[in-house]
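Take a look at the letters that make up each chain.
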Amino acid sequence: MKQPMAKGTDEICRRFGNDRTRMMDIVLEVQARFGCVSHEAMEQIARAVNTHPVEVESVVTFYSFLSVKPQGQVVIRLCSDIVDWMKGYEDVADAMSKELGVTMGETTPDGAITLTRTPCIGMSDQAPAALVNDVVVTHLTPERGRQLIRDLRRHLDPPQLVTMVGDGNNAHPLVRSMVRNNIRMRGPVHFAGFEPGSALRKTLALAPEAVIREIKESRLRGRGGAGFPAGLKWELARNAPGRKRYILCNADEGEPGTFKDRVLLTERADMVLEGMTIAGYAVGSDSGIIYLRGEYRYLQPFLESAIEERRRQGLLGTDILGKKGFPFDIRIQLGAGAYVCGEETALISSCEGLRGDPRNRPPFPPQQGYLGCPTIVNNVETFCCASRILLEGASWFAAMGSPRTSGTKVLSISGDCRKPGVYEVPFGITAQELIEMTEAENAGSMLIGGPSRQMIGSERFGGRICYDDLATGGAIMIFNRARNKLEIAEHYLDFFIEESCGHCTPCRVGLILLKRAVHKVVAGAGEPSDLTDMRDLSNFIIRTSRCGLGQAAPNPVLGALENFGDLYAGLVAERKPGLLPEFDLSQAVVDAELRAGRQSKYV
Amino acid sequence: MSGVTLTIDGKSVAAEKGQTLLKAAEGAGIYIPRLCAYKDLLPHGSCRVCSVRVNGRIQAACVQTVTDGAIVENETAELQEYRRNIIDLLFVEGNHFCMYCEKSGHCELQALAYRFGITAPRYQLLYPKRDIDMSHPDVYLDHNRCILCGRCVRASQDLDHKNVFQFIERGCRKRLQVNGEALAATDLQVTDEAVASCPVGALMRKRVGYSVPVGERPYDNIPIGRDIETAGEE
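So the sequence lines, in the order shown, correspond to chains G and H. One point on numbering: in our numbering, the residue at position 415 of the first sequence is 452, and numbering is uninterrupted. One point on numbering: in our numbering, the residue at position 43 of the second sequence is 163, and numbering is uninterrupted.
One thing to keep in mind: the hints can contain errors.
Said to hold, decoys possible - Straight line, CA to CA, 25 angstroms or less: simulated BS3-like cross-link-like pairs of lysine-lysine:
| id | chain 1 | residue 1 | chain 2 | residue 2 |
| --- | --- | --- | --- | --- |
| 1 | G | K613 | G | K557 |
| 2 | H | K159 | H | K326 |
| 3 | G | K552 | H | K249 |
| 4 | H | K249 | G | K557 |
| 5 | H | K249 | G | K106 |
| 6 | G | K253 | G | K360 |
| 7 | G | K106 | G | K135 |
| 8 | H | K131 | H | K143 |
| 9 | G | K281 | G | K360 |
I should point out that these hints are in silico values taken from the structure, not numbers from a laboratory. Just so you know, these numbers come straight off a predicted model, no measurement behind them.
Could you put together the complete structure from these sequences and hints?
Pasting the structure below:
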C-alpha cells in the first residue's frame, strides 16, 4: 500500500513543478487520490517541494475539505445552512444517517461512505442540497436521501446520481449537473447577449489608462460586498512598482445565501474571463487566477474548456487579438472549504499555497499581493460588469442604478418565498419590491447581504439595495414571521466560530464567549445586564478584530438585539443577588458524578 | 533620514518613514502595550493588545506604519477597556495558574494583567483540555499556557533559521504544532531564540524554574513597559 502512495504523491508534486506555492493543488489531488493527506504524505510532499512537514500540516488542517485521517471513498457533505434547515435538513440528515448506520461526521465501517455537514454550498434556492464528492444533489427529501445512499452503496460512483440535468450550461457535457440556474430576472448588464471578444476588441483600441478612466467614469464599485471603486483599485495596481502584476477573480462566494456567481460562471463564463483580460490590459498584467471555491469544483472542467476555447480564438495567450506585446492567460485555483478565503488577502494566501489566514494590511493587494506583486482581486460579477462597460460605455452603465451606486446588481434570493433564484435588478430597488417579486408571503424579516451584513425587520422593508442604504454582496434571505430570529442569529454565530481563522484574539476567543452569552439568554438564565454585555462584547469584537470576518461576525447577534430586542428582553429577568444564573447546579452534579465515577448520595 | 511627525495622545512625536507606530511610540518614551510583537521580528498583528486609534480607526500599532500628521490615540478609556478585554480573553482561553507557574514574575501576560489592574477574569474560564510535551531533554512545551502569539514560530524561522513551530487547525481549534512527532524529534535547542521569545510559560527551559526568589523577579516591582517610559523621561 505504501509504495503507491509515495510514488503517487511524488508524481503529483512533480506535475505541479515541485512548487511550494502550488500546495493547494498538490494536497487537493493527494486527498482526492488517497482519501486523506496522511502524515506520511505530508513528509513526502515536504521533501518534494522543499519545505517542512509541519508547514504542509498547517495547510491541510486549515481547510475543511482536506483531512489527515482517511475519509470514505465517497464523502457526502450535507449543506446545513439555515435555509436548508428551513427546507427540512434535519429530516434528511436523520434519514441518511439511519440508512448509513453512522452519525454525522462518521465513516461507514467498510470505509466506503462518510457523512458530514458543511456550511452553505451555494444552492440555497434548491435546498436542501449536498455535495457527494464533487457532485451536487439538490431538493433533497428524506426518501431521496435514503435512495441516494442505496444507489451509492451499489456503485460508489457519485456522477451516476445525476439522472436529470439542469437548464442552460448545467446540461453541458463537461458540467452535467442537476443544478438549476433559476434566473428569474434578466437585466441588461449580465444577462443581455454577449459575444466573446466584443468588449476586448473595443478595449484594445484604447490606451490602458483610458480603459481605467472608462471604469472610473462608470463608477463601478466592487460587487463582492465591500464596494471599493474598481477603477481606483486598477489604477493603484497599475501605478504600483512591481516586476509582475496579477489579476485575481474571487469566485469563492461563501457568504451564506449567495449563489449568483455560480450562475454567472455557468452562463457567463466568457464575460468573466473577458473582464479579467480587460483588467490585465488596463493594469499591465499577463496572468490571471480564478479562485474557485471547492464547492464549485464541478464547474472546473467546463471553465477550463472555456479558457482553452478563448486561447484557440486568440482571446487569451500571446499577442491577444493580434495586439503585439499583450499576453494574458488565466489559471484556476481551487479552494478547499474555507469561508474566510473570500477575504481578498486570505484568498491571496490560499493561492500561494498557504493557510487561508488573512494578512496584515497595509500593504494592500494593489501594492503587494500575490507573491508580493501588485494584485487586484475582484468579484466574478465585477469582471462581468467591466466587460459590459467596455462594450456599452461608461455613461450607459452609470445611467442605471441609484444616484451613488451605478449599474445593476445580481441578487441571490432564497428562504421563505415562492420564487427563489437569481435576479438582476437596478440598484435602488426596495426590499419590499423584492418580497413582491419573489412572491414571499408573510415576510417578517430579511437578511440583506448574508449574516455578515444585516438582518432587517418589516419596518425597514422600504430600504433600498445600494451601498448607501442596504448594502449587499448579493445574498438576500427572506424569513416569514414564524421564524425564530434568535435561533437564526445563534446559527450564524456558530458559522463564524467555525470559519474563523483563529489568528486574532477578539475573533478566536471573543466569539466563543459571545456564543455563551447568547446561549445563556436563550436558555432563560439571563439577566437584563447580559443584554448590555452582549452588545459590549459584540462591539469590542467588531472594532478590534483584524479582518472583515471578525468585524462582521457579531452582526447577526447585534442585528437581532437592535431589530428584535424585545425577543431577547422577554427571556431575561432580574435574579436574586448572589446567585450565578449561568451556573447549572444539577448539570454540575452530573459532571462531578461522571468524573468521580459514582453517584451522589444527596441527590 | 526622511522624517514624519505625528501626535500620540496629543504629544508630538517624530518618527522615521516606514517605522511602525509601536516603534515610533517607543522612541518617544510612550509604551503601547503588546504581546505578539517581539524584538525585530515581522509583526504578527494577532494579539491585538496594541490596538490604537489612528485618525479615528482602530488599528494594531505593531502593523501600522507611521504617516505624517497622523493623530493617534493610545491611552483612552475605550482602548484601555479593549486591551483589558483582550488580556482577559487570553486568560480564559487557556489554563493559566499563576500561583504555581514557573513563569510567574517573568510572564508578560501576567505583567500586563497587573498593569491593567486585573485581579480576576470577568469572563467564564473555558478550561480547555490541552497537552504538555515533555519529550525534549531541555525544554518543555505546555500548550495550556500558549496564547498563540506566534513569537516562537517567527523566532525559530527568522532568528534561529530553523522551522520548529507552526500553527495548525483554525478558529478555536488552532494550536501550536512542532515539526516532528514531538519536541524531542525536532532540531530545537535550549539556546534557541524561539525558547527565549515565549512571553508566557508555554515554552520553558527545564530545571531552572523558581530560581529567582519572589520579590526579585523582573515584574515584581516594576510594571511591564516602564523601561520604555523611563527611557523617554531621560
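Which hints from the list above does the structure break, by number from lowest to highest? none
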